[in-house]
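J.: Chains A and B, in that order, are what the protein sequence lines are.
If you're matching positions, the first sequence starts at 1 in the numbering used here and goes up one per residue.
If you're matching positions, the second sequence starts at 1 in the numbering used here and goes up one per residue.
For the record, the hints were derived by calculation from the structure and aren't laboratory data.
Quantities reported herein were computed from a predicted structural model and do not represent experimental measurements.
No residue lacks a Cβ here, since even glycine has one placed at the ideal position from N, Cα and C.
One or more of the hints may lead you astray.
Beta-carbon label-pair distances, calculated as ranges [to be verified]:
#1 A/LEU140 with B/GLY75: 48 to 58 angstroms
#2 A/VAL251 with B/GLU283: 40 to 50 angstroms
#3 B/GLU121 with A/GLY236: 37 to 47 angstroms
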Amino acid sequence: MNYSNIIKYWRVVLTVAELTLRHQMNDSFILFTILVQPILVAVLALFMLKDAAANAAMFVVVGSGLTGLWSSLLFISGNSINVERFQGTLESLIGVPTPFDVIVFGKNFANVLQSLLSMTIAYLLTAFIFKFDLSLQQPLLFFLSLIIAVFAFISFGLTIAPIFVMYREVQHWQNAMEYPVYILSGFLFPILLLPGWTTPISYALPPYWAAVALHGTSTGGAELNSVLFAWAMMIGLGMIDLLIASRLFKVMLYKTRVDATLDVQ
Amino acid sequence: MNAIEVNHLKRTFRAKIGVFRPKIKEIFAVEDITFDIQNGELFGLLGPNGAGKTTTVKMLTTLLIPTAGSARVLGSDVVADAQEVRKHIGFIFGGERGLYWRLSAIDNLRYFASLYGVEPEVTKKRIPYLLELVGLKDRGNERVEGYSRGMKQRLHVARTLLHDPEVLFLDEPTIGLDPVGARDFRQVIRDLRDAKKTILLTTHYMFEADALCNRIGVINKGRLVALDSPANLKKFVSDLNIIEIESFGIAQEKIDQLRKLNFIGSLSIQDQDQKQILLIQTERGAEAVPEVMSVIGDQRVGKVIVREPTLEDAYVRLVEG
Numbered sequence: 001m002n003y004s005n006i007i008k009y010w011r012v013v014l015t016v017a018e019l020t021l022r023h024q025m026n027d028s029f030i031l032f033t034i035l036v037q038p039i040l041v042a043v044l045a046l047f048m049l050k051d052a053a054a055n056a057a058m059f060v061v062v063g064s065g066l067t068g069l070w071s072s073l074l075f076i077s078g079n080s081i082n083v084e085r086f087q088g089t090l091e092s093l094i095g096v097p098t099p100f101d102v103i104v105f106g107k108n109f110a111n112v113l114q115s116l117l118s119m120t121i122a123y124l125l126t127a128f129i130f131k132f133d134l135s136l137q138q139p140l141l142f143f144l145s146l147i148i149a150v151f152a153f154i155s156f157g158l159t160i161a162p163i164f165v166m167y168r169e170v171q172h173w174q175n176a177m178e179y180p181v182y183i184l185s186g187f188l189f190p191i192l193l194l195p196g197w198t199t200p201i202s203y204a205l206p207p208y209w210a211a212v213a214l215h216g217t218s219t220g221g222a223e224l225n226s227v228l229f230a231w232a233m234m235i236g237l238g239m240i241d242l243l244i245a246s247r248l249f250k251v252m253l254y255k256t257r258v259d260a261t262l263d264v265q
Numbered sequence: 001m002n003a004i005e006v007n008h009l010k011r012t013f014r015a016k017i018g019v020f021r022p023k024i025k026e027i028f029a030v031e032d033i034t035f036d037i038q039n040g041e042l043f044g045l046l047g048p049n050g051a052g053k054t055t056t057v058k059m060l061t062t063l064l065i066p067t068a069g070s071a072r073v074l075g076s077d078v079v080a081d082a083q084e085v086r087k088h089i090g091f092i093f094g095g096e097r098g099l100y101w102r103l104s105a106i107d108n109l110r111y112f113a114s115l116y117g118v119e120p121e122v123t124k125k126r127i128p129y130l131l132e133l134v135g136l137k138d139r140g141n142e143r144v145e146g147y148s149r150g151m152k153q154r155l156h157v158a159r160t161l162l163h164d165p166e167v168l169f170l171d172e173p174t175i176g177l178d179p180v181g182a183r184d185f186r187q188v189i190r191d192l193r194d195a196k197k198t199i200l201l202t203t204h205y206m207f208e209a210d211a212l213c214n215r216i217g218v219i220n221k222g223r224l225v226a227l228d229s230p231a232n233l234k235k236f237v238s239d240l241n242i243i244e245i246e247s248f249g250i251a252q253e254k255i256d257q258l259r260k261l262n263f264i265g266s267l268s269i270q271d272q273d274q275k276q277i278l279l280i281q282t283e284r285g286a287e288a289v290p291e292v293m294s295v296i297g298d299q300r301v302g303k304v305i306v307r308e309p310t311l312e313d314a315y316v317r318l319v320e321g
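With these hints in hand, go ahead and build the complete structure from the sequences.
T.: This is how it looks when you write it as structure tokens:
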């Protein structure tokens, strides 16, 4: 890919992200997923931790924000292609010269940015309703971790959407995939509490490394090496996800054009 | 030079039949179609529902992969060079779908301009121009969900012209439009033809095809059964006259009896509210009327007209044989 294509595709990503955000602003399901559900998770966890220290509350803020991110990724990004198919816009998107994976990247970018609101809402709730004294222990490292986590989440989301399009039986398990990732990624409690055999599964999940970096830098006490290692894992897994997604998109686009399933009336 | 070249194109679909031990049935949608469309030509593709028109258009617009055969648009293969083909074509499928209803018309156009790789400074000028062209200049900031069907169709036209494509595929673009909307839409198509765009138009409306197209291909059961200019297609039925009989609830047995008369080439029925118009093609013209009326007997009828054949009659003869 040459420089002019990168500029051209980045422009497409930004336009798609902006218009996806505008389009989704009035969707009540999306508002529930990114705003209401993380608040419920945060309230539940804060009542459990009401006598705990402030850094435990910060853990809840970041953790409930991550639940919003994952739910958004699973349901909104995961369904993004199928939603286009059912509203009749998928053919219009496939029929343009821009590669389809670039378009879906832009849509996922919007979904991830939008779901960062979950973390902001959880922060405001914890600080102003539950009166915890919250402060980010390593703000620079935290925000760098957040940027890398956004990339890792978008890339992970790109692998999910084509699978849901090609294998409808997998989509039936969509609801059942939400909580295991909350648990296996250590969003709200450390994975040390889980049986040892689950650890390799956690290590293979980009959300786990996002949780390691974000929890570590927000509550303090994280060593630089462990943060750098989490970043490397997020970037590495993100790149692998991009390669897998690129292949999955090729297969999906070919299969849907052979099976005539781009449009479902 | 030909803008579109179609060679022995075929397309089948697989349908699953039965729940327990399902069987796969292969359905032929397009069977061996070959035709060319010249640069700047407005080509009509006519045929009954399920004839294979939309399937053909979807293969040419890279949205379906042919089962066999090949097709090229401006020299690029629709399968191997799909991305290249997409840069130069625009398409409209009839109906209201294909737009983002919760976005305004301007936002829809911004979105697709970006996806077609139109430069931002060009987009800024082209969106107001296109909104004016399709008569939506004053409604551009409104959400599409509040638009009428005709307005959505016109927005589709604007979307299709964003990147100034050389080849346009219009699949039943006037379907569902009111008469005034359809007339305005036909004027847009005429303007595009005058601007030397190559256009493939599918339609059910014969007068539309007659008025607009340089050449017409008639497709039936996946095969091209005729390909010529509207004037030459009409010659195909020059030996016939058409008897039009206005009837009110004519019995099926009477229609069956009429079909058995050896001088009747074909008989089709158009339902119009409470009445049915029987269209009888015959070489005997007015001489056949008494015998036809004797078969109809005491059934209630209105006007009876004998007239020259039109393109629609040629179409009926081609499709019904």
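J.: Now tell me, hint by hint, if it's right for this structure.
T.: Hints and how they fare:
Range check, A/LEU140 to B/GLY75: about 55 angstroms between beta-carbon atoms, so the 48 to 58 angstroms window is met. Hint check: A/VAL251 to B/GLU283, Cβ distance near 58 angstroms, so the stated range 40 to 50 angstroms is violated. B/GLU121 and A/GLY236 have their C-beta atoms about 40 angstroms apart, which keeps the hinted 37 to 47 angstroms range intact.
In terms of the numbered hints stated before, the structure departs from hint 2 and from no other.
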